Amino acid sequence: MRPLPLLILSFLIWSFSPAKAQFYQTTNAEISFFSSAPVEDIEAVSNDGVSVLNIDNGAISFKVKVRSFKFEKALMQEHFNENYMESERFTDAILKGQITGGLDPGFSNSQELIIKGDLTIHGVTQEREIPVVVQISKDGKQLRLNSKFEVACKDHKIKIPKLLWENIAEVIEVTVDANYQIIKP
Amino acid sequence: MKKIYLLVFLFTCSGIYAQDVDSLMATLNGEKDFRTIATFKSPRLVLLQTNETQKAKNLAFWVGHRFGDIGGEFGGSNTLFGLDIATDLYLGFDYGITDALTVGIGRSKFNESYSGLVKYRLLWQEEESMPLSVTLFGQSSWITREPFSRNEFDKESDRISHFLQVIIARKFSPGVSVMINPGYLIRPEAQIQDFEDSDNLFSLGFGARVKILKRISIIADYTIVNGLSRPDELGIDYYNPFGVGVEIETGGHVFALNFQNSQAIIANNFIPNTTKSWTDGGVRFGFMISRNFNLGPRRTIN
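If you're matching them up, the sequences are chains B and R in order.
Under our numbering, the very last position in the first sequence is 185; numbers go up by exactly one each time.
Under our numbering, the very last position in the second sequence is 487; numbers go up by exactly one each time.
Worth flagging that the hints you see were computed from the coordinates, not collected in a lab.
One or more hints might be untrue.
[To be verified] Listed below are the simulated DSS-like cross-link pairs for lysine-lysine, each with C-alpha atoms no more than 30 Å apart in a straight line:
#1 399(R) - 162(B)
#2 294(R) - 63(B)
#3 396(R) - 154(B)
#4 73(B) - 399(R)
#5 340(R) - 157(B)
#6 65(B) - 396(R)
#7 63(B) - 340(R)
#8 96(B) - 396(R)
#9 159(B) - 217(R)
#10 399(R) - 63(B)
#11 148(B) - 217(R)
#12 242(R) - 73(B)
#13 65(B) - 217(R)
#14 396(R) - 70(B)
#15 242(R) - 70(B)
#16 399(R) - 184(B)
#17 159(B) - 294(R)
Note that this is a predicted model, so its numbers are computed, not measured.
Using the sequences and the accompanying hints, generate a full structural model.
As structure tokens, this is what we get:
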């Protein structure tokens with residue numbers, strides 16, 4: 001084995017490998033959810049979503065502290081944490097997966113894609129395909145990800161007492177608006 | 186030499202996998218210190234106040250009831266184990282001016298007393314930096330019944346007493362919360378039933394909640410009054426107030442179904458006047474129900 005070709009090969013692998021992959025991150029993604037039921041509509045917002053996205057292979061990880069959701073009514077917020085989400089035991093809601101559908105790092109118009117991955121809420125993991133819209137800024141320094149999807153309480157073993165079915169929807173609509181910044185190597 | 190080149194090659198290849206999404210996520214710590222919520226489900230435990238207050242612009246309507254002795258001389262089947270009798274009835278409203286400050290008014294059947302209370306949350310337990318919650322509680326009571334004897338209340342101020350308490354609480358786990366409540370009762374001499382008794386009384390309360398189901402808890406509190414500043418040899422037998430109960434929470438309601446030896450509901454009445462004992466049938470059934478109303482305009486989120 002001659003050393004030179006090996007060195008050239010290792011340089012080539014290094015320069016084209018995902019080790020130099022572009023990562024994007026955010027620590028203030030806005031996540032809101034909406035429950036529409038006969039008696040009342042309930043809305044809550046968190047601005048503390050944390051996420052990292054690898055633009056080259058599409059790997060994405062998303063996490064939000066359940067405690068960070070704010071409600072219109074303080075008592076609702078307490079019930080959400082205490083009775084439904086049990087946020088002292090299950091502190092985070094997590095999505096881990098892969099962006100599929102041909103994410104193009106150089107394309108600056110909106111790209112409609114799908115995240116295939118595991119959604120963990122209330123300690124229960126569900127395999128999901130979540131539609132997202134990704135838009136990368138022209139200079140490539142920023143990336144915006146929007147998504148709207150539904151979460152069924154039943155899928156994550158979140159129990160709603162029969163007495164309160166008129167107040168809380170069985171399927172919750174979740175909206176995500178995340179602005180990522182590029183991580184400089 | 187070849188080995189070294191090979192090592193370089195392997196090293197650069199392994200570098201490909203060194204940085205991934207998960208390791209980057211681990212470096213992003215959006216960690217915030219959150220206030221511990223719902224140390225207790227309700228601003229009241231069995232007899233004592235908890236560190237909890239009303240949420241801002243929320244009004245609670247309170248209905249409390251204490252029945253008669255279950256056993257002993259005054260209980261048994263003659264009174265259907267006390268259910269025929271009401272030793273105290275309480276109706277009250279508590280309102281949260283802010284999340285930390287609550288004011289309330291109430292009226293008790295016991296001594297026909299009207300009472301006003303103030304609660305202020307001084308410290309909030311936090312997940313990382315603060316181990317305890319501390320709430321200050323003050324309550325004044327005005328006895329309006331006719332005097333039992335002609336000169337029982339010489340002056341109007343003889344009818345008024347004040348109770349001050351510091352509530353120190355900690356939520357140890359989602360299911361277990363504990364509190365310690367040192368208190369001081371200030372009352373005029375005219376309200377003393379046994380003339381050897383002291384006017385002002387120190388008290389030391391202990392309370393705990395243990396969740397057995399998500400919405401159902403076992404609650405208990407015990408208040409030491411005897412053996413602190415109260416004289417030992419008194420003509421009237423006074424006992425330390427002790428209550429246990431089950432607390433059920435359903436949305437905006439909290440129900441507490443209790444057994445206790447105190448005949449009265451507010452501290453100004455039960456701290457000095459608990460003359461019934463758990464051992465001689467003086468224990469009674471009681472309940473406390475609260476209904477919460479959100480009066481404020483919808484809080485703007487964000």
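Okay, the hints, checked on the actual structure:
For the suggested pair residue 399(R) and residue 162(B), the alpha carbons sit about 15 Å apart, so the restraint of at most 30 Å is met. Between residue 294(R) and residue 63(B), the direct Cα distance comes to roughly 54 Å. Violation of the 30 Å bound is thereby established for this hinted pair. For the hint linking residue 396(R) to residue 154(B), the alpha-carbon distance of about 23 Å falls within 30 Å, and the restraint holds. At most 30 Å may separate the alpha-carbon atoms for a hinted pair to count; residue 73(B) and residue 399(R) meet this at roughly 21 Å.
A hinted pair counts as satisfied when its Cα atoms are at most 30 Å apart, and residue 340(R) with residue 157(B) does not qualify at roughly 63 Å. With a C-alpha separation of about 24 Å, the suggested pair residue 65(B) and residue 396(R) falls inside the 30 Å cut-off, and the hint holds. For a cut-off of 30 Å, the pair hint linking residue 63(B) to residue 340(R) is broken: about 66 Å separates their Cα positions. A threshold of 30 Å between alpha carbons decides the hint, and for residue 96(B) with residue 396(R) the separation of about 33 Å lies outside it, so the pair is violated.
For a cut-off of 30 Å, the pair hint linking residue 159(B) to residue 217(R) stands: about 27 Å separates their Cα positions. A C-alpha spacing of about 26 Å is found between residue 399(R) and residue 63(B), which places the hinted pair at or below 30 Å, so the restraint holds. At most 30 Å may separate the alpha-carbon atoms for a hinted pair to count; residue 148(B) and residue 217(R) meet this at roughly 26 Å. Between residue 242(R) and residue 73(B) the CA atoms are separated by roughly 10 Å; this keeps the pair inside 30 Å, and the hint holds.
For the proposed pair residue 65(B) and residue 217(R), the alpha carbon gap of about 9 Å is at most 30 Å, so the pair holds. Note on residue 396(R) and residue 70(B): the hinted pairing holds, with a Cα-Cα distance of about 25 Å set against a maximum of 30 Å. Pair hint residue 242(R) plus residue 70(B) holds up; C-alpha atoms about 17 Å apart against a cutoff of 30 Å. Annotation: proposed proximity of residue 399(R) to residue 184(B) is violated, straight-line Cα distance about 47 Å (limit 30 Å).
Between residue 159(B) and residue 294(R) the alpha-carbon distance is near 41 Å, which puts this suggested pair outside the 30 Å criterion.
When the structure is compared with the earlier hints, violations turn up for hints 2, 5, 7, 8, 16 and 17 and for no others.
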